[in-house]
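Protein sequence lines, in the order shown, are assigned to chains A and B. For the first sequence, UniProt numbering assigns the number 451 to the last residue and increments by one with no breaks. For the second sequence, UniProt numbering assigns the number 451 to the last residue and increments by one with no breaks.
Simulated from the structure, these hints should not be mistaken for lab results. Among the hints, erroneous ones may be present.
No copy labels: a pair is met if it fits in one copy or bridges any two.
Here are the simulated lysine-lysine pairs, BS3-like style, with alpha carbons at most 30 Å apart [said to hold, decoys possible]: (1) Lys210 / Lys4; (2) Lys265 / Lys372; (3) Lys76 / Lys4; (4) Lys427 / Lys449.
There are 2 protein chains.
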Amino acid sequence: MANKPSIPKGTRDFGPVEMAKRNYIFNTIRSVYELYGFQQIETPAQETLQTLMGKYGEEGDKLLFKILNSGDYLSKIEDSELTERNTLRLASKICEKGLRYDLTVPFARYVVMHREELQLPFKRYQVQPVWRADRPQKGRYREFYQFDGDVVGSDSLLNEVELMQIVDTVFTRFGVRVQIKINNRKILTGIAEVIGAADKIVDITVAIDKLDKIGIDNVNAELREDGLTDEQIEKLQPIIMLEGTNEQKLETIAQVLASSETGLKGVEETRYILSFLTSLNNEIQLDLTLARGLSYYTGAIFEVKALDTPMGSISGGGRYDNLTGIFGMPGLSGVGISFGVDRIYDVLNALDLYPKDSLQTTQVLFINFGEKETAYCLPIIAKVRQAGIRAEIFPDSTKMKKQMSYANAKQIPFVVLAGDNEMAEGKVTLKNMETGEQTLVSPDELIAKLS
Amino acid sequence: MANKPSIPKGTRDFGPVEMAKRNYIFNTIRSVYELYGFQQIETPAQETLQTLMGKYGEEGDKLLFKILNSGDYLSKIEDSELTERNTLRLASKICEKGLRYDLTVPFARYVVMHREELQLPFKRYQVQPVWRADRPQKGRYREFYQFDGDVVGSDSLLNEVELMQIVDTVFTRFGVRVQIKINNRKILTGIAEVIGAADKIVDITVAIDKLDKIGIDNVNAELREDGLTDEQIEKLQPIIMLEGTNEQKLETIAQVLASSETGLKGVEETRYILSFLTSLNNEIQLDLTLARGLSYYTGAIFEVKALDTPMGSISGGGRYDNLTGIFGMPGLSGVGISFGVDRIYDVLNALDLYPKDSLQTTQVLFINFGEKETAYCLPIIAKVRQAGIRAEIFPDSTKMKKQMSYANAKQIPFVVLAGDNEMAEGKVTLKNMETGEQTLVSPDELIAKLS
Chain A
1 MANKPSIPKG TRDFGPVEMA KRNYIFNTIR SVYELYGFQQ IETPAQETLQ TLMGKYGEEG
61 DKLLFKILNS GDYLSKIEDS ELTERNTLRL ASKICEKGLR YDLTVPFARY VVMHREELQL
121 PFKRYQVQPV WRADRPQKGR YREFYQFDGD VVGSDSLLNE VELMQIVDTV FTRFGVRVQI
181 KINNRKILTG IAEVIGAADK IVDITVAIDK LDKIGIDNVN AELREDGLTD EQIEKLQPII
241 MLEGTNEQKL ETIAQVLASS ETGLKGVEET RYILSFLTSL NNEIQLDLTL ARGLSYYTGA
301 IFEVKALDTP MGSISGGGRY DNLTGIFGMP GLSGVGISFG VDRIYDVLNA LDLYPKDSLQ
361 TTQVLFINFG EKETAYCLPI IAKVRQAGIR AEIFPDSTKM KKQMSYANAK QIPFVVLAGD
421 NEMAEGKVTL KNMETGEQTL VSPDELIAKL S
Chain B
1 MANKPSIPKG TRDFGPVEMA KRNYIFNTIR SVYELYGFQQ IETPAQETLQ TLMGKYGEEG
61 DKLLFKILNS GDYLSKIEDS ELTERNTLRL ASKICEKGLR YDLTVPFARY VVMHREELQL
121 PFKRYQVQPV WRADRPQKGR YREFYQFDGD VVGSDSLLNE VELMQIVDTV FTRFGVRVQI
181 KINNRKILTG IAEVIGAADK IVDITVAIDK LDKIGIDNVN AELREDGLTD EQIEKLQPII
241 MLEGTNEQKL ETIAQVLASS ETGLKGVEET RYILSFLTSL NNEIQLDLTL ARGLSYYTGA
301 IFEVKALDTP MGSISGGGRY DNLTGIFGMP GLSGVGISFG VDRIYDVLNA LDLYPKDSLQ
361 TTQVLFINFG EKETAYCLPI IAKVRQAGIR AEIFPDSTKM KKQMSYANAK QIPFVVLAGD
421 NEMAEGKVTL KNMETGEQTL VSPDELIAKL S
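Bound conformation, chain A alone (with noise of 0.2 Å):
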């Protein structure tokens, strides 16, 4: 007797209707970055070692799911360091492959290696799985899909503009209203100098960025715990507890900044690619809080958020100026946004957004009457076909009911039956399986009721 089967942990299975979600998602997506000339390319599941390890700080490093070698993995390796038990040790020695964790390391990887091939400002797009050996809870899986798309070779501020154009688009194509946050990691450090405080710049975003989670209290005595003073912290009062519109926020920042040219070229920016977004469908919001924890952006930082469900981000990214410095190769400037594509799932089944022929399948069941009716219906079925409508004859001549409760089960909308009448007609019975409607029509009549 056999095993009853299982998948890992944190894993997941997709069925059909999921699938049909899933697709409408990633379609969606990827018809608004290839209006905007984004390319899509694909990189490996697995990357070598030498490129992922040091690159997500020491918790990531554990969270790399390890491939073991193939072969006799064990050959180079001494018994002592075997029973020495140092496990992550160890593991470098027994596994030199990993799988992918997120798309922006491969990414960087694939600039370097296909410089010589790629025309700059190259603009691609990448939806691919990750993987992390997280701890997995609602919501957090140990395999995900990003959809991540990045301009690299360009610091025009165009490419801010558009990824913001981009992620307005594709939240009104999937009628979702969402807030656009946006922020610039040189208005920070603008502060942070202004404020005489240049060295604790990490510090302030990352306690800036709990406001909205633990209140400004709590982030004041955060601050006073990272080392600020009290002059330092009052300072900073005005700056998080920014009110009014976004032209409003920046005159005050200006002032505030007046001193550090970072601070007031962020101001600029900012100012810059807001004039070009006046037309949106969603609102977008200056928002000094939001730093995204990262310490790798330089310039604009994004976050969207779904304004009619709660949920956390469903989308965010912004301007890195070293995405291939660790791969030696410096000096390259970037701007990439990523979609939560498992989060906008989760969005648009709890507001039943899903475009009703996104999950239709099969639009048309030719019920299975036997050998003789099977063969007068198969070149109909086949013009059908040619056509382009989607269609199926059952396999099996079993029971109506059985055959009803397949395409009732699939949700097949139309039911063709042809039996001894039809047959001396040269005509179909298509069943409306909605209305119960039936109507006896020719083949070209079927085509143009389907159509």
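Fit chain B to the given chain A structure using the hints.
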């Protein structure tokens, strides 16, 4: 200085042009499957080793990529087990998961785990990468895609008929002339029965399968080595060397197999399937030497070869009667086909069969002349994109020559130029990159010309 990055041997990056070609292949096959009511599923890249081990023979077990357990993977291993250096046994203790080796075993596992929610017959397609730790060589990779379609839960031969129609339609759409070969395992079994060597069926099919490669003399020699008598081998000759139309061949075989119930069943099945396939675009040929070396087929066996370029099998499949038995769910019959997408890619390259528009990405590039011109162009680009036209503006206002080479490198067929003259008239100049022709047009005319 960072190390020069590389990718694991036997794996590949796919750049924009390769991805466009691959997407054309995937989308074509996908749309034909969907015309026939097949629905997509996806399974995780990782499966438990319990699911994978023992399903692909001893050699297959060695070719599985195994994933090192997370955390302290040595905690339950004694020192003695480590120093014993039994690498296979140790691997099974420090690894619980492996990478998908094909799509068939995960599909069987899927069907068993989801049987309650599946409406039978279940027609699924699946297109995902698989991984094998094979020695990489020309045309053989450690990561490659499979594109499978299977129908489970129906014994009807209409499924075989439709799979052959799918194959025929797919290659017709590609513009590749193919030869479809069909055989039936029951005929092979019948032959073994009639010559009184029922226990030698696997040896016989394996030897017959080599006819094309090693010739009749060596096949006979191999059969002799397999323990067949001269008399038995003599009896096999007319069968192996069979000539004529499909109908003539079936006629002859039916006479030879008159005493074998199984053999006659195979003849009858093949006749039935072929009777519905008289109007294919490609030739379908009964070929008794077709066995695909696989012992798990129980009925029809198919294989597809390209006619106009040398290449092995580019598609194949057949009926199997016990897909899910390995996971404790016996009695479920299935029939399936697998498209060898990497080889199809090579065939389409060799014959240069990609439709021009499948490779085209951006349709029009707006040249960037500076701030003022960009501000003029952006609303026009927005309208162009709203009309569904894939458009870019070069993000930086660099030299005209650089922007033009970008358009050429990306094979963008049209370029838009808008300077003072155009702006004064509220128009743009549209340049055809192939002919060099330039036309002054309004934004609406621009859209009409590009649509």
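Now the hints, each set against the structure:
1. In the homo-oligomer, the alpha carbons of Lys210 and Lys4 never lie at most 30 Å apart, since the shortest distance is 45 Å inside one protomer and 38 Å across protomers.
2. For a Cα distance limit of 30 Å, the shortest separation of Lys265 from Lys372 across copies, 21 Å, qualifies, whereas the shortest one inside one copy, 79 Å, does not.
3. Taking CA atoms no more than 30 Å apart as the test, Lys76 paired with Lys4 passes between copies only; the shortest distance there is 24 Å, against 38 Å inside one copy.
4. For the homomeric pair Lys427 and Lys449, the shortest alpha-carbon distance inside one copy (14 Å) is at most 30 Å, but the shortest distance between copies (44 Å) is not.
Hint 1 from the earlier list is the only one contradicted by this structure; the remaining hints agree with it.
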